[in-house]
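There are 2 protein chains.
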Amino acid sequence: MKALQDAKISIVGLGLMGGSLAGALRGQCRCVVGVDRNPQALEIGQSRALIDRGSEDLAVGVRGADIVVLSTPVRTILRLLDEIAPLLRPGCLLLDLGSTKTQIVAKMAGLPAHIEPLGGHPMCGKEKSGIESAEATLYRERTFILCPLPRTSPEALAQGQALVKAVGAQPLVLEAARQDFLAGTVSHLPYMLACALISTADATTSADPAVWEIVAGGFRDTSRVSAGNVSMWMDILLTNREEVLRAVATYQAQLAHLAGLLEKGDTTGLQKTLETIREKRLEMFP
Amino acid sequence: MKALQDAKISIVGLGLMGGSLAGALRGQCRCVVGVDRNPQALEIGQSRALIDRGSEDLAVGVRGADIVVLSTPVRTILRLLDEIAPLLRPGCLLLDLGSTKTQIVAKMAGLPAHIEPLGGHPMCGKEKSGIESAEATLYRERTFILCPLPRTSPEALAQGQALVKAVGAQPLVLEAARQDFLAGTVSHLPYMLACALISTADATTSADPAVWEIVAGGFRDTSRVSAGNVSMWMDILLTNREEVLRAVATYQAQLAHLAGLLEKGDTTGLQKTLETIREKRLEMFP
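In the order they appear, the protein sequences are chains A and B. Here the first sequence is numbered in our numbering, starting from 6 and rising by one per residue. Here the second sequence is numbered in our numbering, starting from 6 and rising by one per residue.
There may be inaccurate statements among the hints.
If chains are identical, the list can't say which one is meant, so a pair holds when it fits in one copy or spans any two.
[Claimed, not checked] Result set (DSSO-like, lysine-lysine): computed pairs, CA atoms no more than 27 Å apart in a straight line:
#1 K277 with K133
#2 K133 with K285
#3 K7 with K112
#4 K285 with K131
#5 K170 with K133
#6 K269 with K7
#7 K170 with K7
#8 K13 with K285
#9 K269 with K112
#10 K285 with K269
#11 K7 with K133
#12 K277 with K131
#13 K131 with K170
#14 K170 with K13
#15 K112 with K133
Worth flagging that the hints you see were computed from the coordinates, not collected in a lab.
Given the sequences, and given the hints that come with them, work out the whole structure.
Structure below.
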């Protein structure tokens with residue numbers, strides 16, 4: 006496998022994540038090619054110097070690439086895996102940035118033998134999507150999960166880790182099912198909760214105009230992630246359905262327990278529970 | 006009633022809220038007296054020039070005051086209303102800063118006729134409590150709810166509004182039950198949700214050390230308010246129990262609805278719902 010500095014890297018999907026990755030890789034490899042069906046994204050990528058060149062055509066864009074990074078929503082990645090294989094040169098590292106990994110890694114297992122597949126999930130993002138919001142610093146000091154397959158060679162994994170370090174992130178090798186279980190609770194569940202909070206307020210208090218004057222930081226923060234990109238979240242929820250539903254069920258039980266203590270007037274039990282929760286939160290985010 | 010600049014103001018409870026109010030009022034009235042059982046809070050109040058003088062004794066501290074502000078947790082306010090009445094001069098404005106209003110205003114209705122009661126709830130705060138965290142700017146540009154009673158004179162309400170404006174806040178006159186209904190959903194419900202998220206993570210994913218490396222902004226923001234002061238929250242939940250329980254019940258139904266769409270695989274319904282929610286959130290916080 007080529008050293009990163011000699012590699013030609015093609016990034017398929019020039020949105021927030023792909024554009025930021027391109028910008029962070031530029032100058033650290035032979036060249037960065039952006040691939041996107043939207044010519045405007047390519048124009049922005051070039052005018053902001055995030056890519057060396059761009060192509061609207063997948064076959065042209067990934068031709069001769071040493072590393073191809075799929076940075077589209079998860080269900081598009083799943084579709085791309087079907088069509089991209091014949092376009093790749095032997096030994097090409099095929100990395101993706103999808104937020105859920107079980108389905109992608111399962112599909113990667115069926116790729117032709119000349120490709121080196123590697124699942125990836127960088128733990129960063131922004132509320133605003135699109136290459137307009139891309140920043141070469143987006144990945145810095147963030148965890149970047151890598152899910153190698155049994156067929157992934159040690160050299161390919163090492164190349165993937167070199168790429169992750171080159172953009173300033175910390176690689177964390179994790180099994181796909183374990184990443185989806187963890188992400189289901191710490192990332193996908195908060196999105197469901199934020200959405201349900203907005204719909205609750207909408208169904209009740211929103212009818213009162215005074216509510217806009219008393220909404221404070223707690224509501225704003227607790228509901229923040231509900232403003233995220235819906236297509237991206239649809240992909241995440243649908244490709245991690247079992248884990249998300251399991252997390253929601255556990256959550257409903259925990260919330261019902263808290264409400265039950267309040268309903269019964271069990272002040273000692275409620276206080277003890279809230280204090281334990283507060284301590285856990287402070288341990289998590291000191 | 007005296008103009009604010011001629012008034013002697015006593016603030017009972019020199020924590021974050023009381024200390025910040027004192028600092029914002031100082032120089033805009035005749036004098037600010039801090040009252041707290043903890044001599045250290047009084048020392049900090051004086052060394053940081055938030056108060057003109059302090060007293061550990063309630064009777065001494067409120068003697069001759071034109072305005073008394075109760076800035077303790079709600080259940081302490083309820084207790085103080087029993088003992089403070091005989092200590093106040095005729096025509097004294099008695100304002101509180103409690104986060105729930107129905108129970109306080111109901112109790113204020115029974116105060117002797119020589120007192121002018123007025124419920125209050127400033128929509129501001131900080132994660133860190135205590136006078137150490139006090140800032141004279143805390144109230145600036147925030148909404149400050151006022152709940153006058155039928156017995157509150159127009160002059161007393163005007164004086165309360167003058168005080169609110171003096172600290173840089175915007176007064177909003179609201180009926181106590183309406184404020185508690187709204188706060189139940191936009192303030193107290195988010196606290197319950199944040200707590201249940203922490204206890205869910207604690208019951209499931211926390212056993213895996215990798216979880217600490219993948220926790221991202223969504224989890225942090227959605228759980229932030231669970232780190233708040235437990236005594237304060239106990240008071241809020243216990244004195245707004247009905248509204249909080251009602252809000253939790255509505256929330257559980259909304260969350261179950263979202264999870265149901267995902268479970269059934271109703272992608273059209275789910276996408277439409279999430280898009281509506283996203284639009285509402287962007288309307289609320291443009």
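Each hint, compared with the structure:
When the C-alpha separation of K277 and K133 is checked against a cutoff of 27 Å, the pair qualifies only between copies, where the shortest distance is 20 Å, while the shortest distance within a copy is 39 Å. Taking identical chains as interchangeable, the C-alpha atoms of K133 and K285 lie at most 27 Å apart only when they sit on different chains, with a minimum of 16 Å there against 30 Å within one chain. For the identical chains of this complex, K7 and K112 are intra-copy neighbours only, at 25 Å inside a copy versus 77 Å across copies, given an alpha-carbon limit of 27 Å. In this assembly of identical chains, the alpha carbons of K285 and K131 lie at most 27 Å apart whether taken from the same copy (26 Å) or from different copies (19 Å).
For a Cα distance limit of 27 Å, the shortest separation of K170 from K133 inside one copy, 25 Å, qualifies, whereas the shortest one across copies, 36 Å, does not. When the C-alpha separation of K269 and K7 is checked against a cutoff of 27 Å, the pair qualifies neither within a copy, at 66 Å, nor between copies, at 47 Å. When the C-alpha separation of K170 and K7 is checked against a cutoff of 27 Å, the pair qualifies only within one copy, where the shortest distance is 16 Å, while the shortest distance between copies is 67 Å. For a Cα distance limit of 27 Å, the shortest separation of K13 from K285 qualifies neither inside one copy, at 46 Å, nor across copies, at 43 Å.
In this assembly of identical chains, the alpha carbons of K269 and K112 lie at most 27 Å apart only when taken from different copies (24 Å versus 50 Å within one copy). For a Cα distance limit of 27 Å, the shortest separation of K285 from K269 inside one copy, 24 Å, qualifies, whereas the shortest one across copies, 34 Å, does not. Taking the shortest Cα distances, K7 and K133 never come within 27 Å of each other, neither inside one copy (35 Å) nor across copies (52 Å). In this homomeric assembly, K277 and K131 come within 27 Å of each other (Cα to Cα) only across copies, at 22 Å, whereas the closest approach inside a single copy is 36 Å.
In the homo-oligomer, the alpha carbons of K131 and K170 lie at most 27 Å apart inside one protomer (20 Å), although the nearest pairing across protomers, at 37 Å, exceeds that limit. In this assembly of identical chains, K170 and K13 lie within 27 Å of each other by CA distance solely inside one copy; the values are 17 Å within and 63 Å between copies. Within a single copy, K112 and K133 get their C-alpha atoms no closer than 29 Å, and across copies no closer than 48 Å, so neither meets the 27 Å cut-off.
When the structure is compared with the earlier hints, violations turn up for hints 6, 8, 11, 15 and for no others.
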